[in-house]
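Letter by letter, the chains look like this.
Number of protein chains: 2
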Amino acid sequence: MKKILCGLLLGAVAQGAQAAQPAPNDISLPEGYKNWQLISPSFRTDKNQLRVILGNEVAVRAAREGKVNPWPDGAILAKLAWSVKTDERWATATVPKDFVQAEFMVKDSAKYAATGGWGFARWVGKDLKPYGKDASFVQECFGCHTPVKDKDYVFTHPAPLP
Amino acid sequence: MKKILCGLLLGAVAQGAQAAQPAPNDISLPEGYKNWQLISPSFRTDKNQLRVILGNEVAVRAAREGKVNPWPDGAILAKLAWSVKTDERWATATVPKDFVQAEFMVKDSAKYAATGGWGFARWVGKDLKPYGKDASFVQECFGCHTPVKDKDYVFTHPAPLP
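Respectively, the protein sequence lines represent chains S and D.
Mapping of the first sequence onto the numbering used here: position 127 corresponds to residue 127, and the numbering continues sequentially without gaps.
Mapping of the second sequence onto the numbering used here: position 123 corresponds to residue 1123, and the numbering continues sequentially without gaps.
Treat the hints as calculated values from the structure; they're not laboratory data.
Being a predicted model, the structure only gives us computed values, none of them experimental.
Note that the Cβ used here is the ideal one computed from N, Cα and C, for glycine as well.
It is possible that some hints are incorrect.
[Claimed, not checked] With the Cβ distance kept under 8 angstroms, some of the chain S side facing chain D (calculated, not the full set): (1) Lys34; (2) Asn35; (3) Ser40; (4) Pro41; (5) Arg44; (6) Leu50; (7) Thr94; (8) Val95; (9) Pro96; (10) Phe155; (11) Leu161.
Produce the complete structure using the sequences and hints provided.
Written as structure tokens, this is what we have:
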């Protein structure tokens, strides 16, 4: 009995590590987002966080071609954030300490018409816990992004690349 | 005659945009490096630069598996650097301004045995001008990386990812 319970528990843990729960608005954690390509880094002086904005194939193609206002349907932006520390071996380098969260903007003009054509979702901590008690959490995201409506609700500029 | 000259010039310009010159130690600018996957961001407080370290397939696999001391032969690390500015629409966000340079470390234990198993190269500015007057420039790179010999000469820790 102990053995079976242990097996069930281990199974549950393994599954948990594989798949985060969907956000309260039913957006699923996009697969393979960690391996998407670079759109831009940033540093938040108020939160003391390093961030990297990655994009799926549609988003990165748009970024490289400078066609980001509006971003095309199918584009997904992933913003990964870390708390920071001073590098142990280089005193003037600020580097990631702990993973804080992954945030996503999913462009679908029809499906997400009520929030500027973007679906929002956030997963918090290394356990990737979905953010928000219910689907209304997106109003918080959308409210913050509304001042950049003229930039298709996106703060990020693709970083200049040669 | 004018037409031919113009054609030649345009050809040269087009080629220049396609391919940067090799570094003085004959390392070529790795193809497609802009689309490599994320290893870590960093911020240099002394130089006021945002950096992103990307890796080729071999390097990223090693980073994800935590097998980076030593890094495997075939691994290439790319460090992209930007000067910074305050985001126009978010006062506490520091974001890239201009592209500064791309630096590379190419792991080949045999070929680069004299410099810790790593070949070094740097291309500067959006024109990607190779850095160094002659092949001896690598001594500058290697000198700076020697204090982290115990980390296979690499400062970067792969950023924690869930």
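Quiz item: Close enough to count: is the Cβ of Val95(S) nearer than 8 angstroms to one in chain D?
Solution: 5 angstroms, holds
Quiz item: Can the hint on Thr94(S) be confirmed by a CB-to-CB distance to chain D that is less than 8 angstroms?
Solution: 4 angstroms, holds
Quiz item: Against chain D, with CB atoms and a cut of 8 angstroms, does the hint on Pro41(S) hold up?
Solution: 5 angstroms, holds
Quiz item: Does Leu50(S) meet its interface restraint, that is, does its C-beta lie within less than 8 angstroms of any C-beta in chain D?
Solution: 5 angstroms, holds
Quiz item: If you take the shortest Cβ to Cβ gap from Asn35(S) to chain D, is it below 8 angstroms?
Solution: Holds - the Cβ of Asn35(S) comes within 8 angstroms of chain D, reaching about 5 angstroms at its closest.
Quiz prompt | Status of the hint placing Phe155(S) at chain D (closest C-beta pair under 8 angstroms) | solution = Given a least distance of 6 angstroms, the restraint on Phe155(S) holds.
Quiz item: Should the hint that Pro96(S) touches chain D count as held when the rule is a Cβ pair under 8 angstroms?
Solution: 4 angstroms, holds
Self-check item: Given hint Arg44(S) near chain D, where the shortest CB pair must fall under 8 angstroms
Solution: 6 angstroms, holds
Quiz item: Under the criterion of a CB-CB separation shorter than 8 angstroms, is Lys34(S) in contact with chain D as hinted?
Solution: Nearest chain D Cβ about 5 angstroms off; hint holds.
Self-check item: Given hint Leu161(S) near chain D, where the shortest CB pair must fall under 8 angstroms
Solution: Status holds, d = 5 angstroms.
Exercise. Return the status of the interface hint for Ser40(S): holds when the least beta-carbon distance to chain D is below 8 angstroms, violated otherwise.
Key: 6 angstroms, holds
Checked against the numbered hints given earlier, this structure breaks none of them.
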